[in-house]
Structures are given as structure tokens and as C-alpha cells.
Amino acid sequence: MTTLLTFRDNIKAFFSRYDYIITPLLKWLLALIVFVTLNRQFGYMTILNRGLLLFLLACICAFLPTELITTLGGIMIVVQSFGVTLDVALLSLALVLIFYFGYMRMVSKTGIIVLLVPICYAWHLIYALPIALGFLAGPAAIIPLLFGVILYYYEQSLGDLVNLLAASTEEDDTIQGFQYILNCLLDNKLLLLTVIVFTLVVLVTYVIYRTSFQYAWIVSFFVGGFLNIVLFLIGSVTLSVEVEIGSILLGSLVGLAITFVIQFAKGIVDYQRTELLQFEDDEYYYYVKAIPKLSISESNKHVKHINSKTHN
Amino acid sequence: MVREEDVKLMSRIAIYEKRQGRSEIPVNSFYKGDYVRLNALKNVVSATITFVLTATITIAYKLDYILANVLKLDYKRLGMILLAVYAVWVCVYWLIARVLYAKRYEDARPNILIYNHRLKKLQEARQKETVKAKGGVVLSDDFTDF
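Heads up: the sequence lines are chains P and F, in that order. Sequential numbering from 3 applies to the first sequence in the working numbering. Sequential numbering from 21 applies to the second sequence in the working numbering.
Careful: at least some of the hints might be erroneous.
What the hints assert, rightly or not - Now the in silico label distances, taken between C-beta atoms and shown as ranges:
{"hint": "1", "chain 1": "F", "residue 1": "Ser43", "chain 2": "P", "residue 2": "Gln280", "range": "17 to 27 Å"}
{"hint": "2", "chain 1": "F", "residue 1": "Asp54", "chain 2": "P", "residue 2": "Leu88", "range": "21 to 31 Å"}
{"hint": "3", "chain 1": "P", "residue 1": "Leu187", "chain 2": "F", "residue 2": "Ile116", "range": "20 to 30 Å"}
{"hint": "4", "chain 1": "P", "residue 1": "Thr213", "chain 2": "F", "residue 2": "Pro130", "range": "42 to 52 Å"}
Said to hold, decoys possible - Only pairs whose alpha carbons sit at most 30 Å apart, straight line, appear in this in silico BS3-like list of lysine-lysine:
{"hint": "5", "chain 1": "P", "residue 1": "Lys111", "chain 2": "P", "residue 2": "Lys268"}
{"hint": "6", "chain 1": "F", "residue 1": "Lys38", "chain 2": "F", "residue 2": "Lys154"}
{"hint": "7", "chain 1": "P", "residue 1": "Lys295", "chain 2": "P", "residue 2": "Lys268"}
{"hint": "8", "chain 1": "F", "residue 1": "Lys123", "chain 2": "P", "residue 2": "Lys268"}
{"hint": "9", "chain 1": "F", "residue 1": "Lys28", "chain 2": "P", "residue 2": "Lys14"}
{"hint": "10", "chain 1": "P", "residue 1": "Lys29", "chain 2": "P", "residue 2": "Lys191"}
{"hint": "11", "chain 1": "F", "residue 1": "Lys38", "chain 2": "P", "residue 2": "Lys291"}
{"hint": "12", "chain 1": "P", "residue 1": "Lys295", "chain 2": "F", "residue 2": "Lys141"}
{"hint": "13", "chain 1": "P", "residue 1": "Lys191", "chain 2": "F", "residue 2": "Lys82"}
If you are wondering where the hints come from, they were derived from the structure by calculation, not from laboratory data. Computed from a prediction, not measured in an experiment: that's the story for all the values here. Note that beta-carbon positions come from the ideal geometry of N, C-alpha and C, so glycine has one too.
Please put together the full structure from these sequences, using the hints given.
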């Protein structure tokens, strides 16, 4: 355990020293993953499916607030929807605006969660997300998580619609696109089940995690994982929904392992940053680099003797 | 002349302005009640836009039914239901906004107090420097500092 904590302290020290490089790099990576995933799932406009464009957009996001990734992701979804039909594009625009005015205006920082959900679905990590969000963000994460789940099923319905439109020979199916998507979403019992289960898992994990008894965090993860499995099983029987039990079981177990890693890494994020500052007074311009004082862990301390004599 | 103490103070002020200060310093220009009310009002506008968009989607989705029963629908009752839902919707948003922005104001206050205190210290140090440069005598008033 001590070795692990020392390892964590060393990473923290490294992050603290090179924050001005690492933070933009991580933001760039996150933006690139989000944009590439969105374009893979909503690849209806060829103009947006260019690697260079996505790369440049990610580069811009690297130096600006994280909220910009969410905004650009929303714009991308709307533009991609124009490749299907006009009414679907308008529906996408309305949904993006509802999310922006209904949630992002108040709590902008957690808005990125909505775009992480499709990524987690693509990487089969979706069952880890509600448990992780339960202790990282709490109830504030519920709305973007639910919008993310809706976004995932929205994208699936859009795929079905595109196949349907490609198969049909009729010209007058503009209204049908809008109706088809909404019917798919409203009739989707799995979507309803996922929304209910994820809400409960986030809430329960958050409540247990915040309690003061010893090892509450471990209990919260296990209860979260257990709830994931049990609620999906109960829901599948009650709502007569076909769920992949094996995938939920495996997903929840992998999810549990991931949440332990996140919990371990959580302390790393809380570091003092190296600051590059510029300011001025009446007489001087100041270019200051403020480096935080770090405590070096025992194993990392090297004593160098500069005198050749040996001490007895 | 560059004074080390001044640079330290200015650096700390600049770090705050660069990080939390961006969102917290504007809070300082309001009383708590005004800040909470203003933001709650902004959120009522946002809630109205969200409601209008949701209602538009619902109407567009049910358009076939509405057109088929355009003469049979009880518009007075529909209007009342719509108004009631809107009132509940706005009330929920207003309440959430009040709680959220009151908390944000309270969270920002200690940081702003420290920020203001540092600014004051810097200003005082500068004034002392100016007095010294002009040949005056600076009386120590450290006991009044906290």
C-alpha cells in the first residue's frame, strides 16, 4: 500500500511540475476522442469526417475551457443530422438547445458527461460510469448522464432511420423521420430501464460514499455494482426487456475495478499547479513562473555525497 | 525597484484572478440577495426556453392527432394544463437556481475576502514606498492588520 501511495505522490508531483503541458495535452486527447467517436456514430456529413479538421478542433479545445468540447460536440451532432433529413436536424437542434438551456447554463462543468456516455458505450464501459459519477460528481451528474443515454439511443435510431430511408423509394418521408425517431425513443423500454437504473445507482453510490463510516467508499462501489446487476435483472423481467445478462455482469465487474482505479487516482487531480503568470505595474512587466513546493517521498530521496572521504 | 514581497503578493493575486477569480470576482459586486435573484431570473428565462422547445416537439409529434381533432379539442382545458405545467416547471427551476447560487455566493466569499485583503496589503506597501521615496516617515501600523 505504501508503495502505491508513494507511486501516486510521484505522479502527483510530476503533474504538478508539468501541469502547463499535461492539462492541454489531456484536453486535446479528450476532445479528439469525443470528436472521433461522434463522427463515427453520426457520420452522415462527409465534410466533418476529415481527420485534419477534427485534429484542429481538438487543438483549439486544448487551450480553452472544457465546456467548449461539449459545445462543439453539440454543434457537430446538429450538423451531422443535416445529413439525414431537415426535420431530424431540427429535432437534434431542439434537443441540444434543451440540454444547453436546461442544464449547461446552470452547471456547465459536468456537461461533458453527456458526450462521455456514447464513448463508454463504444468501449463497453458504460456500467462503470454511474458508479464513478456517483462519487465523482454526485446528483449533478444525473441529468447529463441521462441525456447521454438518450443521445446513444438517439444515434441508434438515427442509424435505423438512415437504413430505412435508403431502403425506401418514396420521396415524401421528411415528416416520418422526426416521428420515427421520437417513436423509437418513447417505445424503447431498455432506454427507460437504463435511465431508471443509472439514476438510482448514482444516487445510492453518492449517499453511501458521503457517509462517515469506515470504508464507506468501498461499500458504495460494491452496492453500486450490485444494484446495477440486480436492477437490470428485475427491470428486464418487469418490463419484459431483453438484456444481455453476461454483458451486464462482466460490465459491472469491470466497472467496479475501474472505479477502484479512479478512486486511487482521484487524489492526483488535487494538486497545486505550476503557474506561468504575466502582470505589470507602473514600472515593470513581470513574467513569473510559480512552482509549488513539493514534499518528496522517502523512496525518491537520493543523497549525493560530494566529499570523497568516507564517514565512520 | 522590484520588491520580493510585492512580487509574491502580485503572483498570488494573479493566480487567483486566473483560476477561481474569473467566476468569483464578479460575485463581489452584488449583495447576496441581488446575486441570487438575478441568477434565478436568468434561469427562469432559460426554463421558459426549455419549456417552449419541449412543447414544440410534443406538438410536432402529436401533429397528426391535433389536425384530425382540430375542432373537437377542448382548448381552454389544454391551455390550463399547459399553464399549470409551465408554472410547476418554472418553480422547480427557480428553487434549484436559488439554492445553487446561494451556495455559490457563500463558497466564493472567503476567497474574495482573502483576495481583497491581499490587494489592500499591496496597495499599502506601494503607498509606503511612495512616501519613503519622497523622504517621508512611515509609521508602522501592523497591529491594526489581521
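Verification of the hints:
no.: 1; hint: Ser43/F x Gln280/P: 17 to 27 Å; result: holds (20 Å)
no.: 2; hint: Asp54/F x Leu88/P: 21 to 31 Å; result: violated (44 Å)
no.: 3; hint: Leu187/P x Ile116/F: 20 to 30 Å; result: holds (25 Å)
no.: 4; hint: Thr213/P x Pro130/F: 42 to 52 Å; result: violated (26 Å)
no.: 5; hint: Lys111/P x Lys268/P; result: holds (17 Å)
no.: 6; hint: Lys38/F x Lys154/F; result: violated (34 Å)
no.: 7; hint: Lys295/P x Lys268/P; result: holds (20 Å)
no.: 8; hint: Lys123/F x Lys268/P; result: holds (24 Å)
no.: 9; hint: Lys28/F x Lys14/P; result: holds (24 Å)
no.: 10; hint: Lys29/P x Lys191/P; result: violated (35 Å)
no.: 11; hint: Lys38/F x Lys291/P; result: holds (14 Å)
no.: 12; hint: Lys295/P x Lys141/F; result: holds (24 Å)
no.: 13; hint: Lys191/P x Lys82/F; result: holds (20 Å)
Violation of the numbered hints given earlier is confined to hints 2, 4, 6 and 10; the remaining hints are satisfied by the structure.
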